[in-house]
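Number of protein chains: 2
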Amino acid sequence: MKKSLGPKSLIYPAPVLVVGSYDSSGRPNLMTAAWGGICCSNPPSITISLRENRYTFHNIMKTKGFTVNIPSEEYVEEADYVGMVSGKDEDKFQVTGLTEEKAEFVDAPSVKEFPVVLECRLSDTHEVGVHTQFIGTIVDVKAEESVLDQNGLPLLEKVKPIIYAPESYTYYGTGRLMGAAFSIGDKFTK
Amino acid sequence: MKKSLGPKSLIYPAPVLVVGSYDSSGRPNLMTAAWGGICCSNPPSITISLRENRYTFHNIMKTKGFTVNIPSEEYVEEADYVGMVSGKDEDKFQVTGLTEEKAEFVDAPSVKEFPVVLECRLSDTHEVGVHTQFIGTIVDVKAEESVLDQNGLPLLEKVKPIIYAPESYTYYGTGRLMGAAFSIGDKFTK
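Keeping their order, the protein sequence lines are chains L and W. According to this note's numbering, the first sequence is numbered sequentially starting from 1. According to this note's numbering, the second sequence is numbered sequentially starting from 1.
Treat the hints with caution; some may be incorrect.
If several chains are the same, the list does not tell them apart, and a pair holds so long as it fits within one copy or across any two.
Unchecked claim - Calculated pairs, EDC-like style, for lysine to aspartate or glutamate (alpha carbon to alpha carbon, straight line, at most 16 Å):
#1 K112 to E145
#2 K3 to E113
#3 K8 to D140
#4 K3 to E104
#5 K64 to D124
#6 K112 to E74
#7 K190 to D91
#8 K158 to D140
#9 K190 to E90
#10 K160 to E73
#11 K158 to E113
#12 K190 to D89
#13 K88 to D186
#14 K2 to D140
#15 K8 to D186
#16 K62 to D107
Worth flagging that the hints you see were computed from the coordinates, not collected in a lab.
Assemble the whole structure, with the sequences as input and the hints as a guide.
Here's what the structure looks like:
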């Protein structure tokens, strides 16, 4: 039996995305976003929702570029911290000890220690309620060689991304491999 | 050392969202979407990207409502199947044996067996490349009582959502509780 919980911004899983940007003086910043995801396959595009009071909001508006860095489980403390304080007040690379690597194709910093990085060029913005969606064209994906499989694609069990549970404000790890998509449901096509 | 993989629509974790809609003759349909997520806290809103050749695309354009159903691990085969075939050709509720429950606040069907359902009213659409973002205001969340914690919120380890790994086309389960958000990173604020 289902119970009505009212209107809530709940989804499972929500991602833990660490957005990298430069401010107008070239100082790098990081912030954590859970409101985002892929929004198009062609051209590969991502959407990230930010509020206007975020430092990152104004950085991206100026530079038109950002990175989306996927932290692995071992960096859950760093990923949490960069979502707690503002880049106006803190140099988050310095405080966490994470290493800045300049993106190759966009004007934004990325996190050397995180296994997967998306380099994104701002292509559009849309206002939705108190948030603005930043649509970014993914111009390159960079991944640590140690997380790649024999086809050169990241393996989720090596990336070990973090899952966020909204409303209960908790982080979880990734579980076991369950099967192949477009295949495990084949039994219903017979 | 990172390797460049080129532009790819990759993110970890991607969700497995089963979208419910009615066609113009009132027949219920389900489809699986991985390109989506929460896009606003106030009003609570979700974005789902669909291609125009999807049956669900035209259903939602007509009814202005849809549900987002979160399958638990035990329904990974059903969730995969409903993303493999078109509702033009198949009655996916009938084939899978999933039970249709009419949503309370929008004109859309939901899946009784899935632990969490979002009832969404179409508020806007945006074109992004070959996809269209459907922005839905979440007018209600419904969850099985058995997955709720003492505060009346869904517990992720009871919901057991499925994680999708794009490009490698694989499904994973949810892992262990790692800690509390806005807390586990506290050590860096000292």
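**Q.** Intra/inter-copy verdict for K64 and D124 if alpha-carbon distance must be at most 16 Å
**A.** For K64 and D124, the Cα distance is within 16 Å only inside one copy (10 Å; across copies 24 Å).
Q) Is it within, between, both or neither when you check K3 against E113 at 16 Å Cα-Cα? A) Only across copies: K3 and E113 sit 13 Å apart there, 42 Å inside one copy, limit 16 Å.
Q: Evaluate K8 and D140 at a C-alpha cut-off of 16 Å and name the case that applies: within, between, both or neither.
A: Answer is between; shortest inter-copy Cα gap is 7 Å, intra-copy 34 Å.
Q) Between K190 and E90, at a C-alpha cutoff of 16 Å, which is it: within one copy, between copies, both, or neither? A) Between. Shortest inter-copy distance 12 Å satisfies the 16 Å Cα cut-off; intra-copy 58 Å does not.
Q) Taking 16 Å as the upper bound on the Cα-Cα distance, should K3 and E104 be classified as within, between, both, or neither? A) Between copies, since 12 Å is at most 16 Å while 49 Å is not.
Q: Since the copies are identical, ignore which copy is meant and state whether K190 and D91 lie within 16 Å (CA to CA) inside a copy, between copies, both or neither.
A: Only across copies: K190 and D91 sit 14 Å apart there, 57 Å inside one copy, limit 16 Å.
Q) What label fits K190 with D89 when the C-alpha limit is 16 Å: within, between, both, or neither? A) This pair counts as between: shortest inter-copy Cα distance 14 Å, intra-copy 60 Å.
Q: Can you give me the call for K160 and E73, within, between, both or neither, at a CA distance of at most 16 Å?
A: within (6 Å within a copy, 18 Å between copies)
Q: Check K112 against E74 for me: Cα-Cα at most 16 Å, and say if that holds within a copy, between copies, both or neither.
A: within (14 Å within a copy, 37 Å between copies)
Q) Is it within a copy, between copies, both, or neither that the alpha carbon of K158 lies no farther than 16 Å from that of E113? A) Only inside one copy: K158 and E113 sit 14 Å apart there, 32 Å across copies, limit 16 Å.
Q) Are the CA atoms of K158 and D140 at most 16 Å apart within a copy, between copies, both, or neither? A) neither (20 Å within a copy, 36 Å between copies)
Q.
At most 16 Å between alpha carbons: which applies to K88 and D186, within, between, both or neither?
A. neither (52 Å within a copy, 18 Å between copies)
The structure does not agree with the numbered hints 8, 13 and 15 stated previously, though it agrees with the rest.
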